[in-house]
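Residue numbers (this note's numbering), protein chains in the order written: chain A, 549 to 880; chain B, 549 to 880.
Source of the hints: derived by calculation from the structure; they are not laboratory data. Treat the hints with caution; some may be incorrect.
Note that the list lumps identical chains together, so a pair holds whenever it fits in one copy or between two copies.
[What the hints assert, rightly or not] Below, simulated DSBU-like cross-link-like pairs (lysine-lysine); rule was C-alpha separation at most 35 angstroms, straight line:
no.: 1; residue 1: Lys-854; residue 2: Lys-655
no.: 2; residue 1: Lys-736; residue 2: Lys-593
no.: 3; residue 1: Lys-613; residue 2: Lys-736
no.: 4; residue 1: Lys-613; residue 2: Lys-673
no.: 5; residue 1: Lys-707; residue 2: Lys-613
no.: 6; residue 1: Lys-673; residue 2: Lys-863
no.: 7; residue 1: Lys-863; residue 2: Lys-707
no.: 8; residue 1: Lys-613; residue 2: Lys-655
no.: 9; residue 1: Lys-736; residue 2: Lys-655
no.: 10; residue 1: Lys-593; residue 2: Lys-673
no.: 11; residue 1: Lys-863; residue 2: Lys-655
no.: 12; residue 1: Lys-854; residue 2: Lys-631
no.: 13; residue 1: Lys-655; residue 2: Lys-593
no.: 14; residue 1: Lys-593; residue 2: Lys-707
no.: 15; residue 1: Lys-854; residue 2: Lys-870
no.: 16; residue 1: Lys-613; residue 2: Lys-863
no.: 17; residue 1: Lys-655; residue 2: Lys-870
no.: 18; residue 1: Lys-736; residue 2: Lys-854
All values reported here derive from a predicted model rather than from experimental measurement.
Protein chains: 2
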Amino acid sequence: MPERTRPTALARTILLLAVLAAATSPGFTARAQDPLAAWNDGPTKQAITQFVRQVTDPSNASSVKPEERVATIDNDGTLWCEKPIYTQVAFVFQRVGALAPMHPEWKTQQPFQAILERDQAAIQKFGAAQLFQLIGATSAGMTEEQFAALAREWLAAAKHPRFGVPYTQLTYPPMVELLAYLRANGFKTYIVTGGEADFVRAFASGSYGVPPEQVMGTSLRTEFQEAGTSGSNLRLPALFFNGDGPGKPANIALHVGRRPILAAGNSDGDIQMLEYNQRDGRPYLNLLVHHDDAVREYAYDTGTEKALTLAAQRKWTVVSMKQDFRRVFASN
Amino acid sequence: MPERTRPTALARTILLLAVLAAATSPGFTARAQDPLAAWNDGPTKQAITQFVRQVTDPSNASSVKPEERVATIDNDGTLWCEKPIYTQVAFVFQRVGALAPMHPEWKTQQPFQAILERDQAAIQKFGAAQLFQLIGATSAGMTEEQFAALAREWLAAAKHPRFGVPYTQLTYPPMVELLAYLRANGFKTYIVTGGEADFVRAFASGSYGVPPEQVMGTSLRTEFQEAGTSGSNLRLPALFFNGDGPGKPANIALHVGRRPILAAGNSDGDIQMLEYNQRDGRPYLNLLVHHDDAVREYAYDTGTEKALTLAAQRKWTVVSMKQDFRRVFASN
Numbered sequence: 549m550p551e552r553t554r555p556t557a558l559a560r561t562i563l564l565l566a567v568l569a570a571a572t573s574p575g576f577t578a579r580a581q582d583p584l585a586a587w588n589d590g591p592t593k594q595a596i597t598q599f600v601r602q603v604t605d606p607s608n609a610s611s612v613k614p615e616e617r618v619a620t621i622d623n624d625g626t627l628w629c630e631k632p633i634y635t636q637v638a639f640v641f642q643r644v645g646a647l648a649p650m651h652p653e654w655k656t657q658q659p660f661q662a663i664l665e666r667d668q669a670a671i672q673k674f675g676a677a678q679l680f681q682l683i684g685a686t687s688a689g690m691t692e693e694q695f696a697a698l699a700r701e702w703l704a705a706a707k708h709p710r711f712g713v714p715y716t717q718l719t720y721p722p723m724v725e726l727l728a729y730l731r732a733n734g735f736k737t738y739i740v741t742g743g744e745a746d747f748v749r750a751f752a753s754g755s756y757g758v759p760p761e762q763v764m765g766t767s768l769r770t771e772f773q774e775a776g777t778s779g780s781n782l783r784l785p786a787l788f789f790n791g792d793g794p795g796k797p798a799n800i801a802l803h804v805g806r807r808p809i810l811a812a813g814n815s816d817g818d819i820q821m822l823e824y825n826q827r828d829g830r831p832y833l834n835l836l837v838h839h840d841d842a843v844r845e846y847a848y849d850t851g852t853e854k855a856l857t858l859a860a861q862r863k864w865t866v867v868s869m870k871q872d873f874r875r876v877f878a879s880n
Numbered sequence: 549m550p551e552r553t554r555p556t557a558l559a560r561t562i563l564l565l566a567v568l569a570a571a572t573s574p575g576f577t578a579r580a581q582d583p584l585a586a587w588n589d590g591p592t593k594q595a596i597t598q599f600v601r602q603v604t605d606p607s608n609a610s611s612v613k614p615e616e617r618v619a620t621i622d623n624d625g626t627l628w629c630e631k632p633i634y635t636q637v638a639f640v641f642q643r644v645g646a647l648a649p650m651h652p653e654w655k656t657q658q659p660f661q662a663i664l665e666r667d668q669a670a671i672q673k674f675g676a677a678q679l680f681q682l683i684g685a686t687s688a689g690m691t692e693e694q695f696a697a698l699a700r701e702w703l704a705a706a707k708h709p710r711f712g713v714p715y716t717q718l719t720y721p722p723m724v725e726l727l728a729y730l731r732a733n734g735f736k737t738y739i740v741t742g743g744e745a746d747f748v749r750a751f752a753s754g755s756y757g758v759p760p761e762q763v764m765g766t767s768l769r770t771e772f773q774e775a776g777t778s779g780s781n782l783r784l785p786a787l788f789f790n791g792d793g794p795g796k797p798a799n800i801a802l803h804v805g806r807r808p809i810l811a812a813g814n815s816d817g818d819i820q821m822l823e824y825n826q827r828d829g830r831p832y833l834n835l836l837v838h839h840d841d842a843v844r845e846y847a848y849d850t851g852t853e854k855a856l857t858l859a860a861q862r863k864w865t866v867v868s869m870k871q872d873f874r875r876v877f878a879s880n
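Chain A with its partners taken away, still in its complex shape (with noise of 0.2 angstroms):
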């Protein structure tokens, strides 16, 4: 090599600078690393990455900005497993076998016979108000803490039936993955559930980097009780907002102050999240998990018909677990 072209100490030192900064740029990961890898290729990933890039590229008329980057997204049956039966009926199932013996008289009371009786029947047939009657049975006068302890506990100790895996571990990698992606991007990720907030809350950061202030859902009525200098909100055995159907754009109104501009759901209890997402005149996507993966989930559309049927009329993207998902859950 000539002397003059041989880079100097100094001249070698700008390059490394120059490879590591465009190794760390934002454009190199996502080169090397797809956000998106649990997800196959397919119409329903362009539909997501087309949409990301629509509102995020500020030369596109239709650009969002940040603030207005509201991501909406429903938990049981979109982020995580729902079946055989909701994740917190397993809990509170749990605790009145636990709590029976101090409560002699659930033998002879509905809901809680049917439980302790293990009569599916019965069990089948419970709608809300029997489920939040058997929440707040099993955890009325605890504070915050003490319901967010109790959660916590049987998360790390449960099961679920058929996977034999704690159920923080049948979260789905695609829809974790939208969600941190999203974030990238300027999001603000919301979990919307029909379920408890609370409970929601006590898993969501760890398995969904989603902080409890960024999930709303059912809830129950409190009471705040003084203790000496300070005091709690104690829960009370008494339904205060069901968060399902129309209670999710109301919970979007009352907790974010603005719609979202990308909603996701998997049941007929979140038309009315999707509805309120969409609006013509600006940017949004909906996103219907549908359950036809037998093999790896499950294969169901019951609870789901009617959504079903609209996401086709209004073009919501539909998203096959069979065909999109790369992987249904870390283990697969």
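Could you slot chain B onto chain A? The hints should help.
For chain B alone, coordinates are given in the frame of chain A:
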């Protein structure tokens, strides 16, 4: 200057970069420009800066992780002037007048009649029930976007009866600075109002730098109404949740899902929030704004007697507007 010590172009560039780096570092900015310049020096300002240093210094045993740096601040009387009447009350009175021609029945129906006849004795006796009846009656059926537009329109036009300026010019610069100072130190700042959240959201972003998702308060019931493929939450003339007093810690649990470490209020309606913030074995700061400046603002203890007594007993930091506020409004 001898040849060997004359700075080279490279050395001069490095020196310039070092100076620029120092000039833009947080430490330099803090010295050059006091982030709490609208506060007078004294024990109150010192209590605030000392607390923030304590919880943000990672080498301190009682430092607090950024995600747990939650500050919850009352609005009326804490962030802006609440006399002679709450600003939203002035708004709703104007609405009653504007809508009266369409409601001849209001002439003989309370609480409307009292407003139309300017019956101060009757108006003084109004409680939360009357106020929220008025809010509901004058905005029922509106979508969230319609109500926000109406509130902004009124705020842009209305003037304070004594100071003759728009209400949004009657925010307190020391408190607005405090919000920014907390955010610069990794806090998330929330407004926890006894007034209506959606009214405060109409100006909180512009006036306080607090986005709608960090404003909670009293709320009306809503009803989701589908319109074609979309839908909106329509306001109903009924109270959903009273966000004052014990409603403040309940709202914080509902919206944030964790306790604050700094809380600020000015009246008996803030006591439970301050108690919720106060817990042994962890750092916290409770601020109580005391209206003792009849010249620059108002001097009153009515409605704050119990809070002042507790502040003395429990060593809450009382903020004297007269002594601690260098400026009370942006204009002085």
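Evaluation of the provided hints:
1. Lys-854 - Lys-655: neither (38 angstroms within a copy, 48 angstroms between copies)
2. Lys-736 - Lys-593: Both: 20 angstroms inside a chain and 34 angstroms across chains, each within 35 angstroms.
3. Lys-613 - Lys-736: Close inside one copy (12 angstroms) and across copies (20 angstroms); limit 35 angstroms.
4. Lys-613 - Lys-673: neither (46 angstroms within a copy, 45 angstroms between copies)
5. Lys-707 - Lys-613: Answer is between; shortest inter-copy Cα gap is 32 angstroms, intra-copy 42 angstroms.
6. Lys-673 - Lys-863: Classified as within: same-chain Cα gap 33 angstroms, cross-chain 55 angstroms, threshold 35 angstroms.
7. Lys-863 - Lys-707: neither (37 angstroms within a copy, 48 angstroms between copies)
8. Lys-613 - Lys-655: neither (57 angstroms within a copy, 47 angstroms between copies)
9. Lys-736 - Lys-655: Close neither inside one copy (46 angstroms) nor across copies (48 angstroms); limit 35 angstroms.
10. Lys-593 - Lys-673: Classified as neither; 37 angstroms inside a copy, 60 angstroms across copies.
11. Lys-863 - Lys-655: Neither: 50 angstroms inside a copy, 51 angstroms across copies.
12. Lys-854 - Lys-631: within (19 angstroms within a copy, 52 angstroms between copies)
13. Lys-655 - Lys-593: neither (51 angstroms within a copy, 61 angstroms between copies)
14. Lys-593 - Lys-707: Within one copy, since 31 angstroms is at most 35 angstroms while 53 angstroms is not.
15. Lys-854 - Lys-870: Within one copy, since 20 angstroms is at most 35 angstroms while 62 angstroms is not.
16. Lys-613 - Lys-863: within (25 angstroms within a copy, 44 angstroms between copies)
17. Lys-655 - Lys-870: neither (43 angstroms within a copy, 65 angstroms between copies)
18. Lys-736 - Lys-854: Within one copy, since 28 angstroms is at most 35 angstroms while 40 angstroms is not.
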